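All chains, full assembly: derive it from the sequences and hints.
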Amino acid sequence: MSKIAKGIAVKSALLTVCFGFAGCVSVSNDGGMGVVQSSVSTSLSAKVDKDETGIGHRAAIHALLKKSLSPERAVQVALFNNKGLQAAFNDLGVSEAQFVQASQPTNPSLTVLGLTGGGAFDIEQRLTTSLLALFLAQPRQELAQAQIKAAQIKAIATALQLAADTRAQYWRTVAAREQYATLVLTRGSAQTAAELAQRLGQTGALGKLDQAREFAFHAELSARVQLAQTQVFLEHERLARLMGLWGKQATFTVPMRLPALPKKIRTERVIETDAILHRVDLKLARATLDVVARQYGLVQSTRLISVFDFTGAQNNAGSSGARTQLNGAEINLSIPIYDFGSARIREAEQAYRAAANRLADKAITIRSQVREAFLGYRGAWSVARTYQLQVLPLRKTIEEEQLLQYNGMLADMFTLLVEARARLASQSAAIDAKRDFWLAQENLRAATIGGFNAASATDGKAPANDSTQ
Amino acid sequence: MLTRRAFVNASSMSAVAVAAVSGRGQAASIPEAATMKEAGTQKPLVPHTGPDYNPIVTLNGWTAPWRMQGDWKEFHLVAEPVVREIAPGMKAYLWGYNGQSPGPTIEAVEGDKVRIFVTNRLPEHTTIHWHGQRLPNGMDGVTGLTQPPIKPGQTFVYEFQLRRSGTFMYHPHADETLQMAMGMMGLFIVHPRDPKERRVDRDFAFLLNAYDIEAGTYLPKVNTMLEFNLWTWNSRAYPGIDPFIVGKGDKVRMRVGNLTMTNHPIHIHGHEFHVTGTDGGYVPEGSAWPEVTVDIAVGQMRAFEFMADEPGDWAVHCHKSHHTMNAMGHSVKTYIGANLGNLQTKIAKVAKGYTAMGDKGMAEMGSMEMPMPDNTLPMMTGFAQFGAVEMGGMFSVMKVREGLSAGDYKDPGWYKNPPGTVAYAFNGTLPEAVRAAGSPDATHTKADVRVVKPGSMPAKPGMQHD
Ligand SMILES: [Cu+2]
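Protein chains in written order, with the working numbering: chain A, 70 to 538; chain B, 318 to 783.
Because the hints were derived from the structure by calculation, they are not lab data. These numbers were taken from a predicted model, which means no experiment stands behind them. Be aware that one or more of the hints could be misleading.
If you anchor each label on the Cβ, the simulated ranges turn out as follows [to be verified]:
#1 Ala498(A) to Val459(B): 28 to 38 Å
#2 Arg282(A) to Met578(B): 32 to 42 Å
#3 Tyr410(B) to Gln298(A): 46 to 56 Å
#4 Pro398(B) to Leu463(A): 26 to 36 Å
C-beta atoms are modelled at their ideal positions from N, C-alpha and C, and glycine is treated no differently.
This is the structure:
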């Protein structure tokens with residue numbers, strides 16, 4: 070790619086992503102929330118608000134919980150109501166206040182000189198100090214802005230993490246309900262078989278052995294139903310916790326079953342570009358790099374390079390259209406290289422290089438994570454689809470044919486119940502597969518924008534730690 | 318392929334189509350092979366060449382046409398895969414001859430010289446054994462022993478003179494178990510030289526055969542040796558077996574050959590008969606013995622005769638009652654006496670479309686007409702003027718009617734019973750039935766049996782389940 074093209078890419082990056090600190094961040098008096106709000110609104114189509122009054126969004130939350138929850142409404146409740154998130158916003162306010170204070174220049178005031186009537190050296194000294202402070206005000210402000218920017222991104226990341234965890238927990242909660250209902254049906258078939266066996270015992274057609282088999286099966290299924298019921302309670306409570314609910318409000322309802330699978334899913338082409346452009350922790354690493362540069366007073370950049378080049382990663386530029394597209398994203402992640410040779414100390418260079426390497430490491434990891442998340446997403450979709458389009462229809466056919474066999478007195482009544490159980494077992498596996506798809510979709514979303522939790526990939530299990538950190 | 322040609326001097330060829338033989342080089346010397354598309358009983362083939370005889374009626378079958386070549390009667394059998402209708406609603410993918418299973422009946426006369434061309438269109442080799450015939454050893458059709466196998470595509474010629482009259486069969490003697498399980502067999506009737514000898518008015522013939530065709534399938538399971546689920550006459554099962562149409566006062570003969578793996582006691586209602594023929598020939602007139610059921614052992618043939626002097630619709634069937642049923646599930650539990658009650662709704666909840674059956678017995682099966690698997694006959698079926706007949710398999714009806722002209726085999730419909738000759742329901746009041754001491758009644762149904770079990774708990778039929 071030519072240098073001109075690189076330059077254009079850099080410009081667009083600055084405009085759209087606001088990696089730089091020149092035009093995007095200004096010291097505000099809203100505690101830094103404006104940027105957080107607009108960013109969360111863009112990423113999640115949801116609102117965040119710092120709860121200054123202490124009464125929160127009671128009315129809004131009440132309205133959101135009235136109907137059976139959707140993932141979007143669950144996220145909105147969590148964003149309004151999760152106290153951990155509110156704490157993160159308060160932290161942002163604290164940071165901003167501190168940075169703003171620290172970056173105020175000392176006022177050069179000559180009237181002070183006259184009043185004190187001190188010695189010439191003193192006057193000169195103070196004047197020099199003031200002028201120096203005035204001269205230094207610009208870099209200090211820039212540093213403060215960079216630091217605030219970083220703090221804001223941290224707050225955004227907290228919001229995204231909360232949203233991702235809430236969405237995933239939402240699917241687990243719905244899936245647990247659906248799974249429970251299926252198991253209740255399965256138990257019903259076992260109970261019917263047990264009753265049938267008992268009646269055949271009474272007529273003398275079935276011995277103790279066969280009766281006991283049916284009873285045992287029913288008893289075992291009853292235990293599994295209890296287990297499933299407990300799971301419903303647990304998942305519900307975890308979701309309530311993420312949404313910051315207790316008491317009466319925690320009795321919200323979720324739908325009975327998971328939604329249908331989408332017929333089409335995202336394609337692979339742009340996922341890495343998306344992640345590099347949008348991942349909030351990458352933005353944070355980039356902002357940290359700027360903070361380091363400001364801290365060491367690095368201003369005179371000599372050129373911009375791709376962070377991937379910085380670490381020596383090789384790219385096959387221009388080998389294909391898709392690849393070129395990807396390179397665009399890489400080049401958007403450009404960092405300035407400074408002239409460390411002239412007046413700068415070695416510490417500055419090492420500190421800057423460390424931050425740049427961390428940024429590069431993050432970028433490479435994110436690319437891998439989003440690829441992994443995509444593979445999991447596509448795999449989960451195809452598994453769930455196999456259940457929907459093949460396994461379940463075939464189970465239905467088997468059941469129908471079994472019924473015809475029963476009609477012709479070619480098969481026993483018990484075989485109907487056995488097939489019904491087999492169908493319900495497949496249905497249960499299909500619910501798991503569907504839940505895993507929705508979780509994988511959340512995982513992919515989180516890998517693209519943020520809130521990615523490496524531990525809770527697509528295994529469908531609740532994460533060990535569902536905090537919003 | 319199915320061009321009709323009057324190449325044989327025979328009557329009643331309406332349902333017979335004629336097929337060319339594949340071996341073109343020999344075509345000039347080989348009679349064309351007729352093929353049959355219908356599974357119904359065809360009209361008897363009255364001879365127009367050769368010596369006269371009283372032709373046979375093959376139940377749900379037909380007689381092979383022939384041509385005279387000098388003093389040789391020439392037939393052509395083609396062994397090939399066929400689709401046989403077992404009964405309306407069910408077809409079987411079988412192997413047979415000339416379009417059907419069983420193959421066409423070969424009819425000839427004592428003393429005739431027969432030349433039978435056998436063309437093999439099967440995927441494996443075959444032969445034909447002429448069961449019961451006296452013939453030169455090399456014409457006996459035992460593969461390996463008396464001749465090389467007829468390979469796929471080959472045509473073999475069998476030539477022999479018919480030395481005695483009677484009932485015979487033909488079937489493969491190569492991969493015999495499989496080929497017979499697939500339906501390869503046919504009747505071979507040798508008529509007496511003198512048409513007046515042993516003459517009857519109506520002469521019926523059929524083979525007993527059995528298949529194992531699972532519900533919903535078409536192909537027999539060729540490795541089944543005993544547990545067949547379709548018991549057939551000429552590869553037909555009731556209600557697919559045609560009735561025997563008989564005039565009142567007709568002398569009737571039935572000839573039955575058994576090519577299944579078990580015996581069949583064939584029973585006729587309303588008449589006694591005399592067994593007049595066995596595999597070995599005619600029973601001397603004074604030695605023919607009276608029966609109402611004749612047991613036909615494996616590989617045997619029996620001919621029995623009677624005067625049809627009782628008008629009506631008389632059942633004719635194998636007396637093994639499971640042979641008068643179509644395919645059924647032997648693992649179906651016994652539900653007699655089980656009060657399913659509210660359980661029915663529970664079962665229907667998980668098994669959609671379920672209807673309770675069997676808690677009173679199985680008779681309801683005969684009339685319910687439930688949806689069944691593809692290509693499957695109801696276990697018990699058939700309807701007549703008084704309702705469901707609840708039969709299947711080896712069951713048919715002999716319709717004895719007054720005023721039928723010779724050669725009239727048209728179904729006359731249900732018998733019109735003279736008034737006052739049909740069993741009727743009693744509508745008066747009955748005194749309390751007196752039960753013998755100790756007989757089971759409604760208040761005492763449990764068998765009084767004690768069994769010592771491990772744990773020394775007395776056996777109880779019902780378990781407690783909460
Ligand atoms: Cu029988």
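Hint-by-hint comparison with the structure:
no.: 1; hint: Ala498(A) to Val459(B): 28 to 38 Å; verdict: violated, 57 Å
no.: 2; hint: Arg282(A) to Met578(B): 32 to 42 Å; verdict: holds, 35 Å
no.: 3; hint: Tyr410(B) to Gln298(A): 46 to 56 Å; verdict: holds, 52 Å
no.: 4; hint: Pro398(B) to Leu463(A): 26 to 36 Å; verdict: holds, 30 Å
Of the numbered hints stated above, the single one contradicted by the structure is hint 1.
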